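Turn these sequences into a full structure, and let the hints guide you.
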Amino acid sequence: MATIHPFAAWRYNAEVVPLEKVVTQPYDKITAEMQDHYYAAHPNNLVRIILGKRQPGDDGENVYTRAATYFRQWRQEGVLVRDFEPSLCTYSQEFVVPGSPERQYLRRGFIGLGKLEPYSAGVVFRHEQTLSAPKVDRLNLLRATRAHFGQLFMLYSDPAAEIDEALDRIMRNPPDMQVGDEFGVCHRVWRIPGLIELICSKMVDKKLIIADGHHRYETALNYQAERRSQPGPHPEPGEAPYDRVMMTFFNMHGEGVVILPTHRVLGGLPKFSPGDLVRESRSFFSVRDVTKEFDARNPTALLPQTPAGETAMLAVTSKSAFLFHSSRETAHPVLAGLSSRQAELDVVRLHKVVIEGVLGISEEAIREQRHIAYLRDAREAVQRVHGGSANVAFLMNQVRIEQVRDIAFAGEVLPQKSTDFYPKLLSGLTIYALE
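Each residue of the sequence shown is one higher than the last, beginning at 1 in this note's numbering.
It is worth saying that the hints were derived from the structure and are not from the lab.
Bear in mind the structure is a predicted one, so any value in this text is a computation, not a measurement.
Be a bit skeptical, because a hint or two may be false.
DEER-style ranges, computed between Cβ atoms [claimed, not checked]:
| no. | residue 1 | residue 2 | range |
| --- | --- | --- | --- |
| 1 | Glu280 | Ala365 | 16 to 22 Å |
| 2 | Gln55 | Asn13 | 26 to 32 Å |
| 3 | Asp168 | Gly122 | 29 to 35 Å |
| 4 | Glu255 | Gln55 | 42 to 48 Å |
| 5 | Asp295 | Leu338 | 32 to 38 Å |
| 6 | Gly388 | Asp420 | 48 to 54 Å |
| 7 | Lys53 | Arg376 | 22 to 28 Å |
| 8 | Glu255 | Arg297 | 25 to 31 Å |
| 9 | Gly60 | Ala410 | 46 to 52 Å |
| 10 | Leu198 | Ser283 | 51 to 57 Å |
| 11 | Lys53 | Glu280 | 46 to 52 Å |
| 12 | Pro43 | His325 | 50 to 56 Å |
| 13 | Leu338 | Glu280 | 16 to 22 Å |
For lysine-lysine, the following DSSO-like pairs were computed, each having C-alpha atoms within a straight-line distance of at most 27 Å [what the hints assert, rightly or not]:
| no. | residue 1 | residue 2 |
| --- | --- | --- |
| 14 | Lys424 | Lys206 |
| 15 | Lys135 | Lys115 |
| 16 | Lys29 | Lys424 |
| 17 | Lys202 | Lys424 |
| 18 | Lys115 | Lys206 |
| 19 | Lys53 | Lys29 |
Cβ atoms here follow ideal geometry from the backbone N, Cα and C, with glycine treated the same way.
So, in structure tokens, the structure goes:
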């Protein structure tokens with residue numbers, strides 16, 4: 001079902017620019033401080049294309065026209081060079097999980113072009129909603145540059161690891177590219193022109209789940225429709241460059257597919273009371289006071305990994321800590337209209353029963369991130385509460401890959417900020433120019 005194609009990628013010329021100075025994290029993970037750092041790192045840093053700085057008086061010239069100019073100039077100057085022949089690429093990431101340096105992970109996949117498919121075709125599945133503003137921004141960039149600079153993070157199912165075994169053979173050779181990022185992740189890339197037919201044939205029966213890159217995938221669909229609507233002759237469907245988008249494919253059963261939890265921090269609640277929180281939450285959760293056992297230096301140590309159908313989370317206030325637990329059999333009216341897949345998610349039970357029901361924060365306020373912040377670092381979440389800038393932190397377990405798979409394949413989506421696939425894929429390792 002998944003149609004994969006090799007391509008002749010544009011890459012940074014290692015004889016002209018140092019790779020570690022020019023590649024970046026995905027555009028939506030680049031903070032203002034990171035943007036400044038990337039600008040200062042090198043004049044050919046990719047940030048100037050994927051997330052350029054706005055300037056006073058931007059109108060006829062703007063971040064998008066400047067991006068197109070940089071892309072054209074860098075190709076003309078030899079900063080970017082194109083592969084001689086189409087290929088796929090093996091891409092590996094060696095990393096440790098933040099806060100757990102004792103274990104090292106290796107995630108490997110491959111980079112290629114994937115055929116754009118509407119969600120209704122049952123080939124590509126999403127697991128989260130998108131917002132209109134980022135898609136407008138990415139569409140303007142795509143129109144101006146006619147190129148894709150970042151990888152879409154795609155998952156497929158291969159329990160027998162047949163493709164992984166083929167990639168492992170390639171990885172015994174020295175990589176064509178190697179770079180470390182600011183988070184200590186080692187990224188390596190190998191060209192694999194000899195395995196194109198094998199890999200493409202193994203992917204024919206696969207369904208794809210978007211792990212990261214929903215906005216860019218839907219932007220590519222919008223751009224495809226836009227190009228198809230223009231007058232004049234068009235290639236057969238699926239054959240035009242704009243019918244394909246650059247993807248990195250990972251086996252969802254691989255050990256390196258890591259999802260980190262995203263913790264919730266609530267603040268600015270005028271009538272917040274830990275006692276009321278516990279008392280009213282007991283309509284659904286069993287709650288245990290773990291204040292004496294709680295260690296702010298290792299905040300999630302008391303958080304058990306629960307089996308399917310059960311949930312657990314820690315509520316930390318300024319002077320107390322409570323373990324919340326619920327099982328599949330626990331019922332609550334606010335969950336009645338949800339599918340069983342949704343109703344068993346920790347984040348759904350937290351948001352529907354506690355944040356909206358007990359604390360009275362509306363769905364609209366949550367979408368606009370009023371009173372709520374999302375943090376990867378549990379210690380930072382606790383520090384905000386103990387420092388007095390927040391009322392309560394809810395420390396979460398990660399969503400399991402099986403839950404992501406089942407919800408995506410059912411045509412449903414996870415709540416906002418449910419998944420944090422780690423690490424991210426670097427932008428600028430390969431570039432797909434449509435023309």
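Now for the hints, and whether the structure bears them out:
1. Glu280 with Ala365: 16 to 22 Å: Hint holds: Cβ distance 18 Å, inside 16 to 22 Å.
2. Gln55 with Asn13: 26 to 32 Å: About 28 Å separates the Cβ atoms of Gln55 and Asn13, which means 26 to 32 Å holds.
3. Asp168 with Gly122: 29 to 35 Å: About 30 Å separates the Cβ atoms of Asp168 and Gly122, which means 29 to 35 Å holds.
4. Glu255 with Gln55: 42 to 48 Å: Holds, since Glu255 and Gln55 (Cβ atoms, about 45 Å apart) stay within the stated range.
5. Asp295 with Leu338: 32 to 38 Å: holds (35 Å)
6. Gly388 with Asp420: 48 to 54 Å: 27 Å Cβ-Cβ, so the 48 to 54 Å window is violated.
7. Lys53 with Arg376: 22 to 28 Å: holds (26 Å)
8. Glu255 with Arg297: 25 to 31 Å: holds (28 Å)
9. Gly60 with Ala410: 46 to 52 Å: Hint holds: Cβ distance 47 Å, inside 46 to 52 Å.
10. Leu198 with Ser283: 51 to 57 Å: holds (56 Å)
11. Lys53 with Glu280: 46 to 52 Å: Given a distance of about 47 Å, which is inside 46 to 52 Å, the answer is holds.
12. Pro43 with His325: 50 to 56 Å: Given about 54 Å between the Cβ atoms, the range holds.
13. Leu338 with Glu280: 16 to 22 Å: For Glu280 against Leu338, whose Cβ atoms are near 20 Å apart, the range 16 to 22 Å holds.
14. Lys424 with Lys206: Within the cut-off at roughly 23 Å; holds.
15. Lys135 with Lys115: holds (19 Å)
16. Lys29 with Lys424: holds (9 Å)
17. Lys202 with Lys424: holds (25 Å)
18. Lys115 with Lys206: The hint holds at about 13 Å.
19. Lys53 with Lys29: holds (15 Å)
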